[in-house]
Amino acid sequence: MQTVNARLIKKSALSPDTTDFAFEIAEGRFQGLEAGAHVDIHLGEDLVRQYSIWSWSLDGRQLNVAVKREDDGRGGSLAMHALEEGVQVQIGGPRNHFKLQAADRYVTLIAGGIGATPLVAMARELLNAGRDFQVVYLVRTKDLAAMDSKFKALGLQEWYRLHCDDTDGVFDLPALMRSLPVDSDIYTCGPEPMLNAVLDAGSALRGGTIHFERFAAITDADHGENESFEIEISSSGDVYAVSAEQTILEVLQANGVHVDFGCSEGLCGSCMVDVLDGDVDHRDGILTPEEQATNSYMCTCVSRAKSKRLVLDL
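Counting in the numbering used here, the sequence shown runs from 1355 upward without gaps.
For the record, the hints were derived by calculation from the structure and aren't laboratory data.
The C-beta atom is built at its ideal place from N, Cα and C for all residues, glycine as well.
Mixed in with the good hints there might be a few duds.
30 Å max Cα-Cα, derived DSSO-like pairs, lysine-lysine [as the list claims (entries may be wrong)]:
(1) Lys1453 x Lys1364
(2) Lys1506 x Lys1660
(3) Lys1506 x Lys1496
(4) Lys1365 x Lys1453
(5) Lys1506 x Lys1453
(6) Lys1506 x Lys1365
(7) Lys1496 x Lys1453
(8) Lys1506 x Lys1364
(9) Lys1364 x Lys1496
So the derived label-pair ranges between C-beta atoms look like this [as the list claims (entries may be wrong)]:
(10) Asp1426 x Ala1507: 30 to 38 Å
(11) His1612 x Gly1484: 23 to 31 Å
(12) Arg1415 x Leu1553: 35 to 43 Å
Based on the provided sequences and hints, a complete structural model is requested.
See below:
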């Protein structure tokens, strides 16, 4: 994965709690800039956070991320907001687990809060490709609609809708699903309650697929108690025990088995490895239910085993 030095060239307030950060690469150009992609921003020792890119320059030397300040978060957003123009940081990636599919289907983009950032880039790509689509941006209040001006700048006209809960009431997601053409695709990103509401309303969708991206970890309440198990390294045959208190990633690192990692929350995909045998207890926020069901790969930072042993392709 590419890691480069970049300089923060501009900070711009987008809303009372959200700021846009424009970074310029020191040498060369960013690779893999595309709608849905995110980058790793290194903010200090052992502090790496992932942010979706919403805009970039044609020459690949600049990119923009928008970050909401979370005063009660884990420190990443506060560290980002503390950056001053001119500072240099390391940026890794981009990587993309939220790609627009090439199929010529009608597309609906459903954005919630700061989850709008990757969807701005998607709207731009769909517009440039001449695709049929619409954008629905859901926020609590208009002043928190940080990416509203970015959507409007694309000239989407009647294909863009901003919905504010305080003035418009609760948005009727099932009605939206029923109104869509057959075999429509949905791309959505936002807070966990909104994502769950979209997925629940998806039962009214007539064909098509819901593609989603989380930006918060799935809570442990969604899973049972941790149990111990074993992992086997296919290349060496070495077997290591993973206790209830350890992650697979921690055990691999302790035994000198190299695996890339970033967020350590199952959100970025850096630590994904192939699984050759065993039943995975998936706890990531990246893989779709269909991908998880294959048991072909897993995030070693959060996912565990349902079987007594997992054989990893390492």
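Hint by hint, here is what the structure shows:
1. Lys1453 x Lys1364: holds, 27 Å
2. Lys1506 x Lys1660: Roughly 47 Å separates the two Cα atoms, so the pair is violated.
3. Lys1506 x Lys1496: holds, 14 Å
4. Lys1365 x Lys1453: Judged against 30 Å, a Cα distance of about 27 Å means the pair holds.
5. Lys1506 x Lys1453: holds, 22 Å
6. Lys1506 x Lys1365: It holds: about 20 Å lies between the C-alpha atoms, which stays within 30 Å.
7. Lys1496 x Lys1453: Answer holds: Lys1496 to Lys1453 is near 28 Å, not above 30 Å.
8. Lys1506 x Lys1364: holds, 21 Å
9. Lys1364 x Lys1496: holds, 24 Å
10. Asp1426 x Ala1507: 30 to 38 Å: holds, 32 Å
11. His1612 x Gly1484: 23 to 31 Å: violated, 44 Å
12. Arg1415 x Leu1553: 35 to 43 Å: With a Cβ separation near 38 Å, Arg1415 and Leu1553 satisfy 35 to 43 Å, so the hint holds.
Hint violations for this structure: numbers 2, 11, all remaining hints satisfied.
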